[in-house]
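Visitor: Letter by letter, the chains look like this.
Number of protein chains: 4
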Amino acid sequence: MSEISHRKARSIIAKTLAKGREMNLKPLSVVVLDAGGHVKAFEREDGAAPGRFDIARGKAFGAVMLGMGGQAQMARAEQQAYFMAAVNGVYDGKVVPVPGGILVLDKKDAVIGAVGVTGDSSDNDQLAGMAGIEAAGLTGQP
Amino acid sequence: MSEISHRKARSIIAKTLAKGREMNLKPLSVVVLDAGGHVKAFEREDGAAPGRFDIARGKAFGAVMLGMGGQAQMARAEQQAYFMAAVNGVYDGKVVPVPGGILVLDKKDAVIGAVGVTGDSSDNDQLAGMAGIEAAGLTGQP
Amino acid sequence: MSEISHRKARSIIAKTLAKGREMNLKPLSVVVLDAGGHVKAFEREDGAAPGRFDIARGKAFGAVMLGMGGQAQMARAEQQAYFMAAVNGVYDGKVVPVPGGILVLDKKDAVIGAVGVTGDSSDNDQLAGMAGIEAAGLTGQP
Amino acid sequence: MSEISHRKARSIIAKTLAKGREMNLKPLSVVVLDAGGHVKAFEREDGAAPGRFDIARGKAFGAVMLGMGGQAQMARAEQQAYFMAAVNGVYDGKVVPVPGGILVLDKKDAVIGAVGVTGDSSDNDQLAGMAGIEAAGLTGQP
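Protein chains in written order, with our numbering: chain P, 600 to 741; chain Z, 600 to 741; chain E, 600 to 741; chain A, 600 to 741.
Chain P with its partners taken away, still in its complex shape (with noise of 0.2 Å):
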């Protein structure tokens, strides 16, 4: 299973805060997770608030732990309540199930880590990171 170097980890970031001025959004913030939930790189543009290194961490966090994009993770939540919110439990309240947590997969599908954007409003965060981690010559699963 090949990992995110961390080349490709600042790649991703750049290219997702690209993405965000691209778009014009609220300033962003964006972290790099390894395969194991830990984490590679991160960035907090100016103006953003301090407390996103958290959040977005959080998004991040849950769609390796879970192995299920934050996408995923809410229309889980949708059928199952229960078990999205026991699973927050597991992890001391640490996962974020909402977009912008986004898994990133190699060419052959293994997930390889996962990226965790916040800042603007969630569906403009995991636009902003599937346009980061595609620059980056991987894939995303939102």
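Because identical chains cannot be distinguished in the list, a pair is counted as satisfied if it fits within a single copy or across any two copies.
BS3-like, lysine-lysine: derived pairs with alpha carbons at most 30 Å apart:
#	residue 1	residue 2
1	Lys706	Lys614
2	Lys625	Lys707
3	Lys707	Lys693
It should be emphasised that the hints constitute simulated quantities derived from the structure, not laboratory data.
Position chains Z, E and A against the provided structure of chain P, taking the given hints into account.
Guide: Okay, now just chains Z, E and A, sitting in the frame of chain P:
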């Protein structure tokens, strides 16, 4: 970016409490946090319950970390309840997203801290806090 | 049992800070807790590090919960290090057992709360706090 | 008081990693926190262990919250071991008081944030971090 000075913090609290007396509110508790969410000053009036410090701080802390006053957080919760619930988990339950948590801005509209007021109804807490901030020469964002 | 009133709490803090200025100490942070260990009032001088609230409270909290000022706790730690280490565990690490945490007694020698001072050396923190308590007409037990 | 901008934060990290390559150090991990102790940017080099984010942040967080770089915290621990142990408890164990945690000051000597470096020996971590901060045009206080 300017900071809330020790003197300004005490002035905000004094004026908030004075507004509370003028409005004949229940005993109030008022906290002032700096732009990083750390406690700058706090006062709890006689007759206020012992746990009010944590509630006041929870209101102000949520405001700083998210860059949104309590009124705005409540509106966000109505649009996307899921997100605000998750945010609370990310911050170990230390966020109280209701009116009374108010961002404090300087003349250039930069966030320099937050005020948290509790003791009466949330709406009255917010009224008193906004009066305190304005009387101290700053701008409040509820 | 009498309590530390809002007015008395502010007076203790004001006089402690005045002593600090007189002794030319580094910026101080002073908290007053009630007899149940809950925050009554707090002030952090300009230039004091953001984490000082937690340290001040840790000093005062240990004093109230154990019924021993910081000086006494340190002496106990020297006699029985095991006990003080365990005590800290019991309170989730929230006890700072060093000089600067001072029990406050009323005229009948009943504990009505505690003061926590931090910012300079522990010994100077304690000197300033004792002066503040005494100037407010109460008795301090270090 | 100025802040560490997004650009400056990335520059500090890039220059710290460059110094590490120049000194042929083990893979480094570098975090930049703002003056409130919140994560601004982070990068973990390939080959660095997954847990390095928390260590880097622990070094920088302690520096910000106490207003003392890691070197200074270690010296304080030698004078008053008891105090530093208690401080760690107050911050839920999230403080790593060793060299590599460096306060960042602007031209007016105001603290604008902190850098945490980990991966090689603490002394080398500190050397790399000081070089990164200085190359970015700021002052480091170890």
